[in-house]
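2 protein chains.
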Amino acid sequence: MTDIEWDDHIAVTRSGDSDYSADLSEGWLVGGGINGGYLLATIGNALSQVAPGKPDPFAVSAHYLSASVPGPATVSTRVLRDGGSVATLAADLVQGGDTRITVLATYGDLGRLPDDVRTTATPPAMAPLEQCVPNTMAPPEVRKFAPLMDRFDMRFDPDCIGWAVGKPDGNGLLQAWFRLNGERDPDPVALLMVVDALPPVTFDLGMPGWAPTLELTAHVRAKPAPGWLRVSHHTRNIAGGMFEEDCEVWDSADRLVAQSRQLARQPR
Amino acid sequence: MTDIEWDDHIAVTRSGDSDYSADLSEGWLVGGGINGGYLLATIGNALSQVAPGKPDPFAVSAHYLSASVPGPATVSTRVLRDGGSVATLAADLVQGGDTRITVLATYGDLGRLPDDVRTTATPPAMAPLEQCVPNTMAPPEVRKFAPLMDRFDMRFDPDCIGWAVGKPDGNGLLQAWFRLNGERDPDPVALLMVVDALPPVTFDLGMPGWAPTLELTAHVRAKPAPGWLRVSHHTRNIAGGMFEEDCEVWDSADRLVAQSRQLARQPR
Chain A
1 MTDIEWDDHI AVTRSGDSDY SADLSEGWLV GGGINGGYLL ATIGNALSQV
51 APGKPDPFAV SAHYLSASVP GPATVSTRVL RDGGSVATLA ADLVQGGDTR
101 ITVLATYGDL GRLPDDVRTT ATPPAMAPLE QCVPNTMAPP EVRKFAPLMD
151 RFDMRFDPDC IGWAVGKPDG NGLLQAWFRL NGERDPDPVA LLMVVDALPP
201 VTFDLGMPGW APTLELTAHV RAKPAPGWLR VSHHTRNIAG GMFEEDCEVW
251 DSADRLVAQS RQLARQPR
Chain B
269 MTDIEWDDHI AVTRSGDSDY SADLSEGWLV GGGINGGYLL ATIGNALSQV
319 APGKPDPFAV SAHYLSASVP GPATVSTRVL RDGGSVATLA ADLVQGGDTR
369 ITVLATYGDL GRLPDDVRTT ATPPAMAPLE QCVPNTMAPP EVRKFAPLMD
419 RFDMRFDPDC IGWAVGKPDG NGLLQAWFRL NGERDPDPVA LLMVVDALPP
469 VTFDLGMPGW APTLELTAHV RAKPAPGWLR VSHHTRNIAG GMFEEDCEVW
519 DSADRLVAQS RQLARQPR
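Just so you know, the sequences run in chain order A and B. Residue 107 in our numbering sits at position 107 of the first sequence, with consecutive numbering throughout. Residue 534 in our numbering sits at position 266 of the second sequence, with consecutive numbering throughout.
Be a bit skeptical, because a hint or two may be false.
Counterexamples of contact, computed for chain B against chain A with all Cβ distances above 10 Å [as the list claims (entries may be wrong)]:
(1) 295
(2) 321
(3) 326
(4) 327
(5) 373
(6) 409
(7) 427
(8) 434
(9) 455
(10) 490
(11) 508
Computed from the model, here is a short list of chain B residues facing chain A with C-beta under 8 Å [unchecked claim]:
(12) 333
(13) 337
(14) 340
(15) 342
(16) 344
(17) 348
(18) 399
(19) 404
(20) 483
(21) 512
None of these hints come from the bench; they were simulated from the model. All residues carry an ideal CB built from backbone N, CA and C; glycine is no exception.
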């Protein structure tokens, strides 16, 4: 146990040559399922340990097979190739013989990348932290339904929060400030959770409800600076019962530290 | 053999319970390597055959381990889960014992998806086909270096073609019309190639040269209508020696039929 709940929640213990045991926390439940980002970070935490000198996720691709439940789980890992500056890894999150999530990942050392930045992307245009709407304002029934809301301080941009009062803005855009409990600073593995921590962007389109992820790929582009993160979710293509959700995570130093895209089913 | 070279190039023959043999065509060489999109389509073609009633890629995530060479290859497939409307599949492209590409995929039947479309994305703003610059205008030395240029009719938007005359526009944007040789109409598997057929978007940033893909994920969102496709490549975040390349493919009916993102290394 540490004094930071996040580190306990994603903790893994080596239980075999390439297996790691985890204890999935009920604290990350949302409705009947466990938040997919938290699960991905737990897998990512195990993968941090398998290729010497390559602790950081560069690209992680996850396909979601079945809903996880709180309690014991095993992360089975494989090193597909480890040579040069990156390693290609695979992992499965398994509970009671059922694979929940299967992952391919490219890991390396973010600290050894060159310093060049030629980003034309700009940080999300959103209100200052103190003008944003904290998740602690959610009604008790919502917080009971979604215990994960108690794991972090999330401040929603008031320009994208109409859905919370039954008036979705319809732009396919959600934005929020984000910080883990205990002011636990972000790191590359935590970003794998941050990219999937906000409500589904479909909330902003008048489609509340669970949006099961089919596939999510995250690119971690830099080690995040300490402090608050800014997170945006955006979708442009709702079609055939599915939608893509693009996420960007910016750190306190105005660096774009993670980009992700997922394909999810529309809420029913 | 068929009268359409594309179908010969991606052909696979079942050679074991879950293995398929392929013959990688030298026609898709570009510099020292084989085009990654062509390889992904060949893998995708094998995966089309493994889950009954689920012939179409919905989401395909590929991590690239080593450079392929023309000649025999094996696509080894696994069904991780097949139930309900989608199947989760895995595949490795192997040559001489070396894994070239490892893939996770979610397959289904695009023909059984609901018809709803609420896309806010708009087709790429680009010049009409007849005003665009055909790839056949490339100098002979380029076409010798990149035989793949002879596999399709690609017409570059003149607003994004400065790189071809040594004056890159610097916007991180490439756009082109695309059609396979023999007017072979696009299908979902072919889209896995189309998302990686244009030159790297870094050409537009004054960084010519090969940009090795670390990871590429493609979402096929609809069966493409017959005829020409419009393809755009865009990047916003060049940092740490890597860049993301977002691709959209639009069909002749103005439908966004594929979206992809790859993480690649900057050309040296």
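How the hints compare with the structure:
{"no.": "1", "hint": "295", "result": "holds, 27 Å"}
{"no.": "2", "hint": "321", "result": "holds, 17 Å"}
{"no.": "3", "hint": "326", "result": "violated, 7 Å"}
{"no.": "4", "hint": "327", "result": "violated, 4 Å"}
{"no.": "5", "hint": "373", "result": "violated, 7 Å"}
{"no.": "6", "hint": "409", "result": "holds, 29 Å"}
{"no.": "7", "hint": "427", "result": "holds, 17 Å"}
{"no.": "8", "hint": "434", "result": "holds, 20 Å"}
{"no.": "9", "hint": "455", "result": "holds, 16 Å"}
{"no.": "10", "hint": "490", "result": "violated, 6 Å"}
{"no.": "11", "hint": "508", "result": "violated, 4 Å"}
{"no.": "12", "hint": "333", "result": "holds, 5 Å"}
{"no.": "13", "hint": "337", "result": "violated, 17 Å"}
{"no.": "14", "hint": "340", "result": "violated, 21 Å"}
{"no.": "15", "hint": "342", "result": "violated, 16 Å"}
{"no.": "16", "hint": "344", "result": "violated, 13 Å"}
{"no.": "17", "hint": "348", "result": "holds, 6 Å"}
{"no.": "18", "hint": "399", "result": "violated, 27 Å"}
{"no.": "19", "hint": "404", "result": "violated, 32 Å"}
{"no.": "20", "hint": "483", "result": "holds, 4 Å"}
{"no.": "21", "hint": "512", "result": "holds, 6 Å"}
Checked against the numbered hints listed earlier, the structure breaks hints 3, 4, 5, 10, 11, 13, 14, 15, 16, 18, 19; every other hint is satisfied.
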